[in-house]
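Trainee: These are the residues of each chain, in order.
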Amino acid sequence: MSENILLEVKGIDKSFGATKALNGMSFQLLKGEVHAIVGENGAGKSTLMNIIAGIFAPDSGEIYIEGKRVEIKNPHEAEKHGIGFVHQEIALCPDVSVAENIFMSEINKNKRFTVNYKKLYDRASKILKPLANINPRKLVADLSISNQQVVEIAKALSMNCKIIIFDEPTAALSEKEAESLFKIIRELKSNGIGIIYISHRMAEVFSLCDRVTVMRDGRLIDTKNINETDSKEIVNLMVGREIGDIYPPKRDSSTCSKETIFEIREFSDGKRFQNISFDLKEGEILGLAGLVGAGRSEVAQSVCALNSKISGEVYYQGSRIDIKSPGESIKHGIVYLTEDRKSAGLFLDLSIKWNISAMKLLNVSKKGLIQNHLETNQCDTFIRELGIKCSGMNQNLSSLSGGNQQKVLLAKLLTVKPRIVFMDEPTRGIDVGAKNEIHRLIRKLANQGTGIVLISSELPEIVGMCDRVVVMHEGRLSGVVVDEEINEKKIIQLASGV
Amino acid sequence: MSAMNNVQVESTIIKRNPFLSILKQIKNMREMNIILIIIAVCVIMSFASPYFLTWGNIESIVMQFSTEGIVVIGMTVMLILGGIDISVGSIMCFSMVLPAKIFLAGVNPWISALAGLVACLIIGAINGFFVTKVGLHPFITTLATAGIIRGACYVLTQGSQISLYTLPDSFKYIGLGKVSGIPFIIVLFIIIVIISDFMLRKTSVLRNVFYTGSNEKAARFSGINVDKVKFWVFVLCAGLTGLAGIIFMARFGMATPNFGVGLEMTAIASAVIGGASMSGGKGTVFGSILGICLYYLISSSLILLHVNAYWQEFARGLILLIAISIDSIGEMRKSRRSYKAAA
Numbered sequence: 000m001s002e003n004i005l006l007e008v009k010g011i012d013k014s015f016g017a018t019k020a021l022n023g024m025s026f027q028l029l030k031g032e033v034h035a036i037v038g039e040n041g042a043g044k045s046t047l048m049n050i051i052a053g054i055f056a057p058d059s060g061e062i063y064i065e066g067k068r069v070e071i072k073n074p075h076e077a078e079k080h081g082i083g084f085v086h087q088e089i090a091l092c093p094d095v096s097v098a099e100n101i102f103m104s105e106i107n108k109n110k111r112f113t114v115n116y117k118k119l120y121d122r123a124s125k126i127l128k129p130l131a132n133i134n135p136r137k138l139v140a141d142l143s144i145s146n147q148q149v150v151e152i153a154k155a156l157s158m159n160c161k162i163i164i165f166d167e168p169t170a171a172l173s174e175k176e177a178e179s180l181f182k183i184i185r186e187l188k189s190n191g192i193g194i195i196y197i198s199h200r201m202a203e204v205f206s207l208c209d210r211v212t213v214m215r216d217g218r219l220i221d222t223k224n225i226n227e228t229d230s231k232e233i234v235n236l237m238v239g240r241e242i243g244d245i246y247p248p249k250r251d252s253s254t255c256s257k258e259t260i261f262e263i264r265e266f267s268d269g270k271r272f273q274n275i276s277f278d279l280k281e282g283e284i285l286g287l288a289g290l291v292g293a294g295r296s297e298v299a300q301s302v303c304a305l306n307s308k309i310s311g312e313v314y315y316q317g318s319r320i321d322i323k324s325p326g327e328s329i330k331h332g333i334v335y336l337t338e339d340r341k342s343a344g345l346f347l348d349l350s351i352k353w354n355i356s357a358m359k360l361l362n363v364s365k366k367g368l369i370q371n372h373l374e375t376n377q378c379d380t381f382i383r384e385l386g387i388k389c390s391g392m393n394q395n396l397s398s399l400s401g402g403n404q405q406k407v408l409l410a411k412l413l414t415v416k417p418r419i420v421f422m423d424e425p426t427r428g429i430d431v432g433a434k435n436e437i438h439r440l441i442r443k444l445a446n447q448g449t450g451i452v453l454i455s456s457e458l459p460e461i462v463g464m465c466d467r468v469v470v471m472h473e474g475r476l477s478g479v480v481v482d483e484e485i486n487e488k489k490i491i492q493l494a495s496g497v
Numbered sequence: 000m001s002a003m004n005n006v007q008v009e010s011t012i013i014k015r016n017p018f019l020s021i022l023k024q025i026k027n028m029r030e031m032n033i034i035l036i037i038i039a040v041c042v043i044m045s046f047a048s049p050y051f052l053t054w055g056n057i058e059s060i061v062m063q064f065s066t067e068g069i070v071v072i073g074m075t076v077m078l079i080l081g082g083i084d085i086s087v088g089s090i091m092c093f094s095m096v097l098p099a100k101i102f103l104a105g106v107n108p109w110i111s112a113l114a115g116l117v118a119c120l121i122i123g124a125i126n127g128f129f130v131t132k133v134g135l136h137p138f139i140t141t142l143a144t145a146g147i148i149r150g151a152c153y154v155l156t157q158g159s160q161i162s163l164y165t166l167p168d169s170f171k172y173i174g175l176g177k178v179s180g181i182p183f184i185i186v187l188f189i190i191i192v193i194i195s196d197f198m199l200r201k202t203s204v205l206r207n208v209f210y211t212g213s214n215e216k217a218a219r220f221s222g223i224n225v226d227k228v229k230f231w232v233f234v235l236c237a238g239l240t241g242l243a244g245i246i247f248m249a250r251f252g253m254a255t256p257n258f259g260v261g262l263e264m265t266a267i268a269s270a271v272i273g274g275a276s277m278s279g280g281k282g283t284v285f286g287s288i289l290g291i292c293l294y295y296l297i298s299s300s301l302i303l304l305h306v307n308a309y310w311q312e313f314a315r316g317l318i319l320l321i322a323i324s325i326d327s328i329g330e331m332r333k334s335r336r337s338y339k340a341a342a
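Residue numbers (numbering that gives the first Met the number 0), protein chains in the order written: chain A, 0 to 497; chain B, 0 to 342.
Just chain A, with the same shape it has in the complex (with noise of 0.2 Å):
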């Protein structure tokens, strides 16, 4: 047993300034396993992948690699003894061939003043082929998220990895290159590389992996045998309370108004959508389902008039309603939830009370000047009432764990008392505890009467949360499904235009 083990780490701390991060964190990695990390954001996943990535050193404890002790004092050291990671965010040069990214640090590594790039695009061809078909002479910023995720893969096989560590590997992937994906680390696995796999979602940890460890604060609470536990189990073990139902509940669909209050009807923008039209009754939370690339995101960023279109015209309340600015939708009380906070939704250096006045500097000014008591009430309300977890209101939000910057996202939309509220991926790359809150506070907003259309691909979440679920394949409606329908296989079917 113990020659099996592949990686081994004892008594790990880590402080940053007077925050640790990690507390006598102990985990060891058998060959050809695949052994999933989960947590809560801020648990120290990430902190302990880096130190065994070697990009911080630890403040004390001990590492070893088929049991004989190292120090990995920088991500070189680390390739050299084998480890190879694949980002959550790709970390690739992508005005820069797939070849070249693949054997870039041999590369460098290498005296010759020239390349051969005949051999080094043969060779990139040779690694790439057991795992997708991609022209090693392509750039990397020409090919899709999952094929960008292979050529990290490929990387990591370059160098010989015994150890590879996946964070958040399906945060953008389809449900078919996440397939693709699984098929790669089982072959992986086969020939005795050891896996860490990072993710928040339990689907895939149970269907994948062979043994689970939690972490929470920094520290280990456990490790536990695939077969020998159950999602809920770990979910419990992870947030250190027990989460009741993983959903809140649906609206009773026998009670409840029927009446329409927004409509969308033959929305196309000639390229991403075409003739997209669906009503939102009053109350309900609407699904809006489909693969990526489905053109989901389009259609409400062109309602909200963040996107261009060619035809569409959008009723509230049964009058119809023409925006032509993003400013004008927001007037309207039609806004957008961005599914890329960080790039789209967010400002990173900003404070989290600049971020929630953002989009209504009315609401906190007289006459043009903004009134500093206001802002602060305004901030601390939300505060609150979202449980937005940080140091004070003046704290700058690049700090924060993403689920604090979903929330803050979220409050600098409500700031504005939206009618109507485009979610799009609200909970992605978030943690279970932060998420069911999300979700709580989505269902509070619809049963007070804002009209919420969710966008998600991650179809646990449409299921669980929408009381009517509109599915598009392709840019165009597929179905609509209702009560019963709302399930995996129905929606999959219609998202695949099957």
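Be careful, since some hints might not be right.
So the derived label-pair ranges between C-beta atoms look like this [unchecked claim]:
1) Leu135/B / Asp221/A: 30 to 38 Å
2) Gln492/A / Lys227/B: 40 to 48 Å
3) Lys227/B / Ser104/A: 42 to 50 Å
4) Leu135/B / Ser104/A: 47 to 55 Å
5) Leu135/B / Arg439/A: 21 to 29 Å
6) Val133/B / Ser230/A: 52 to 60 Å
7) Gly23/A / Trp310/B: 51 to 59 Å
Derived by calculation from the structure, the hints in this document are not laboratory data. We treat Cβ as the ideally placed atom computed from N, Cα and C, and that holds for glycine.
Mind docking chain B on chain A? Use the hints.
Mentor: Chain B alone, transformed into the frame defined by chain A:
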């Protein structure tokens, strides 16, 4: 669920002693570092030269940055936007040359000055147009207009200096008058600084510049008319520069086509020393003024120390490098201290 939320309420905001936190805020303020450096230089200089702590010297230093400081304010807003304007030197020259020519043609000096100002606003509008509607990068746009406007200055003056000794005293008062012993230029400058600092911190209009500069896409998604914001910042920057030019014209009583060369570099450097970032979203009026104050403090000190005038530019470059390095190292340390692992 509400019980869960209540538990979190206790732990969401850590209560802090308000007095201590204000002190800490002041300590962390970007401006504190610069103030300390300024104080350090003053202390050193007061020992190094007997002329340093005289009213005459102090007034001369303040006079030097009081007018260029107006341009620095405009540049600060531009940097907060995440933009840049390297045509300010040419614009300032133009706002001396054009009114000079108009005045010498017989027009009332006040109207000439107004005409110059309006012309500068139009140039700003042109810059803004090319950046927003044509989609050009601010650097390239203002590089081009810099050449065009500087060329226009040479054409208007035919390369020679224009003398304005016929300017009436009422107009010359702007540049040479005193208000109970303090030069009008300094008084005007202080008023402008107070107003612009207030506006930058308090008005919604200027808050939108911060949002646009911090994350343009997020600003757009938040309903801010990003094009409008950018356009008006270009107009503002050019307008403030024009005002500075008029003041110089009143003070020196002449206009030359090679005035203001290098102004853009001084303005940008001052703002950056004061805490503005080239990538946008950050900056204060107060900080930028400290930046230009430091510059002129060093320049004057070098002269008092009988250092060869040619070392001025060398010294300016060195100050900028040191100041932003100190800042950058401070930022790196700060970001490691407040690191929060986000998976």
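Trainee: Now tell me, hint by hint, if it's right for this structure.
Mentor: We went through each hint and held it up to the structure:
The hinted range of 30 to 38 Å is not satisfied by leucine 135/B and aspartate 221/A, whose Cβ atoms lie roughly 59 Å apart. Our hint of 40 to 48 Å for glutamine 492/A and lysine 227/B holds, since their Cβ atoms are close to 47 Å apart. Between lysine 227/B and serine 104/A the Cβ separation comes to about 47 Å, which falls inside the hinted range of 42 to 50 Å. The hint said 47 to 55 Å for the Cβ distance between leucine 135/B and serine 104/A, and at roughly 38 Å that hint is violated.
Distance hint check: the CB atoms of leucine 135/B and arginine 439/A are about 48 Å apart, inconsistent with the given range 21 to 29 Å. Against the hinted window of 52 to 60 Å, the Cβ-Cβ separation of valine 133/B and serine 230/A comes to about 55 Å, which satisfies the hint. Remark: the range hint 51 to 59 Å for glycine 23/A to tryptophan 310/B is upheld by a beta-carbon distance near 58 Å.
Against the hints set out earlier in the document, violations occur for numbers 1, 4 and 5.
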